[in-house]
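Chains A and B, in that order, are what the protein sequence lines are.
Reminder that position 119 of the first sequence reads as 118 in numbering that gives the first Met the number 0, one-by-one numbering, no gaps.
Reminder that position 68 of the second sequence reads as 67 in numbering that gives the first Met the number 0, one-by-one numbering, no gaps.
Hints listed in this document are in silico derivations from the structure and should not be mistaken for laboratory results.
None of these values were measured; they are calculated from a predicted model.
Calculated cross-link-like contacts (lysine to aspartate or glutamate; reagent style EDC-like; alpha-carbon spacing at most 20 angstroms):
no., chain 1, residue 1, chain 2, residue 2
1, B, Lys13, B, Glu186
2, A, Lys367, A, Asp208
3, A, Lys367, B, Glu127
4, A, Lys255, A, Glu438
5, A, Lys437, B, Glu209
6, A, Lys437, B, Glu59
7, A, Lys399, B, Glu86
8, A, Lys399, B, Glu59
Here is how the chains run, residue by residue.
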Amino acid sequence: MKTEDQRATMNPSTTGSQTPADGGHTGARTASVDPARGAPSGRNIRALPASVLTPPPPAPSPRLDDYRDIIGQAQVDALRFLARDLKKKSIKMVNSTAVGGGVAEMLNRLVPLLSELEVPTHWDVITGGNDFFEVTKAFHNALHGSRYELTKAAQEIFLNYNEQNRERLQFEEELVVIHDPQPVGLIRSRDKSSASWVWRCHIDLSNPDERVWEFLRPFVEQYDAAIFSSASFARQLPIPQYLFYPCIDPLSEKNKDLPDSVVQKVCDEFGIDRRRPIVTQVSRFDRLKDPVGVVHAYKLAKKYVDCQLVLAGGGASDDPEGAAVLQEVKEAAGSDPDIIILDLPPWCAFEINAIQRASTIVVQKSIKEGFGLTVTEALWKGKPTIAGSVGGIPNQIIHKLTGVLVHSVEGCAFQIRYLLTHPDFARRIGASGREHVKENFLMTTNVKRWLLLFRILEESKAARGAGR
Amino acid sequence: MPVADEQPVRHPNKPFYFNTSENLLRIGRQKATNLSELWQGLQTCPDDSIFQHTFRTLQEHHFIRQGFSNDFAHWCLFACNEPVLAEQLASVDVREFTAIEGLRRRMVGIVDEFLQQHPQSGARVAYEPFYFCASSIVVLPTQFAPDTLRGFVDGLRHVSVHSIHHHFIEARLRLHRMSNDFSNWLEQEVGLKQSAESIERIDIYTNTMEGVRQQIANIVEHALN
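With the rest of the complex left out, here is chain A (with noise of 0.2 angstroms):
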């Protein structure tokens, strides 16, 4: 078990100010909700207990050793034996946010496992001012396809603050990883270091603004290499192109086993009814997770099958679009007593974890979405789970196989049908779903990644070496 003194070296060092680039949740672990929130009102949201309207304290990192129950001996094993040609040779990891959003979530976890297995691992955090993160929030935006009018000012602040990075961070490891466009330009440091360096992309590039990633091009294919999230997200580049699937950390408040005592009373809380089925979205109140869709394919199997629909998320409080979004779904479930609207704060990564182990069936019913890490969530837990087929979503729900793909609110309210009147085949996709999730979407299948990835690049540093 480690100390809190002991994880604190962990996070990534910074200097000067930072501010989040991806409009995550900076500071809300020390955040607490608006006791407004915890006062229902509507007939369909309820009100929140008390136990979640403070930020829980951090958890401790799990050790490797941790996972041995979960992917077995010889998985940990073959982790060991990737690391130990490495041992001694560093990694330096780079991103533009300690706290807040999925990369930092991830590295938070990444970095403790590779320096665990003696591969050390440094994380630093680029510093820029609001300029900096305007600029590049717009990037970000226009990387994923919004109209964006790239000037020269927001050019010269992008390269200005790379610079002033580049001058500030050394690059003294062997691995040099740089996370998303923020800290793209850093690549100019290359040079100066003996290092493989890699750009790992989080971010979906399969429709950019052209004007944005002609300007970001030049600095990509300087790299050894790109990673990309999935292969429909990658670009045509001059460079080896690598997939690293997202990840979901098993022994995380979100996804770790809970004894059923302790789903129930998550559930007796909110009042969610056990005894019957429970159909369950967990998402933003955003329009691309399509809520309103969910409410109505809902409202459609119910005409055939008993059931509840639980909507568990967050973003209307702090956002006026996710406000109006869960109005929207408030006025589609009306008086409907079966449906609950759970607005939840940020950090109620555990109380999540109990709904979705509380459900029958899952819904991830998206018209657009990244990879989709809610699904991977509900697979996990073998829920059979109901997606749409965009994004990152059907690499992991193998139609009939690991999950159910649709593309309507009519096929979403078959399967939702289907699944609960038909509890052999929905156990078995949920099984095959869980297991897919083991194989592939596992943080220590992310850390075996990194490690083969670094073998790989060593191994061709030193075959150029022998060339010259």
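Add chain B to chain A, keeping to what the hints say.
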């Protein structure tokens, strides 16, 4: 699976070294948005792409008992809605091939024949593209190197399914013969010819890799007992 009624005839001279392989997926430069492009891609993609989408995908989906054979078949069904072609591609057993070239020719031949019979299907845009990928593979040792039959069964039960896949399925590309590392060792080192043949007949397409492991262990234990 019937098990052979035979006994070990000798003590193995050489231990069985259980290895395992781990792979890293590379995104290739080719993709197909319709069946004609798949046909072209099948002819021109690197050998390791064919390997990835046939041999290797079985490892990635080792937990599925039925309905998954290779990525080409899966795409033809779910992205192109061509169940006939999907069934034909799915019926290709990778264990009939000891080299990628033969497997590639079979796949190309099936798609070619289908497109000749259904020319209108060639240009129909798929629901989602097929991305040709490949794997960088690293072979690793395990802690199991038994020199007895009992130790072999013990190792078999403890290694990962990746190791089973490595020795049982990928081996024929290494050996260039219609066999696998387990059957080879059992026959050559222990004289269990019938058991080796029984193992070779295990159907990998109607079993999970755990099921394959169990069947191999049952066959060897039967010989031991």
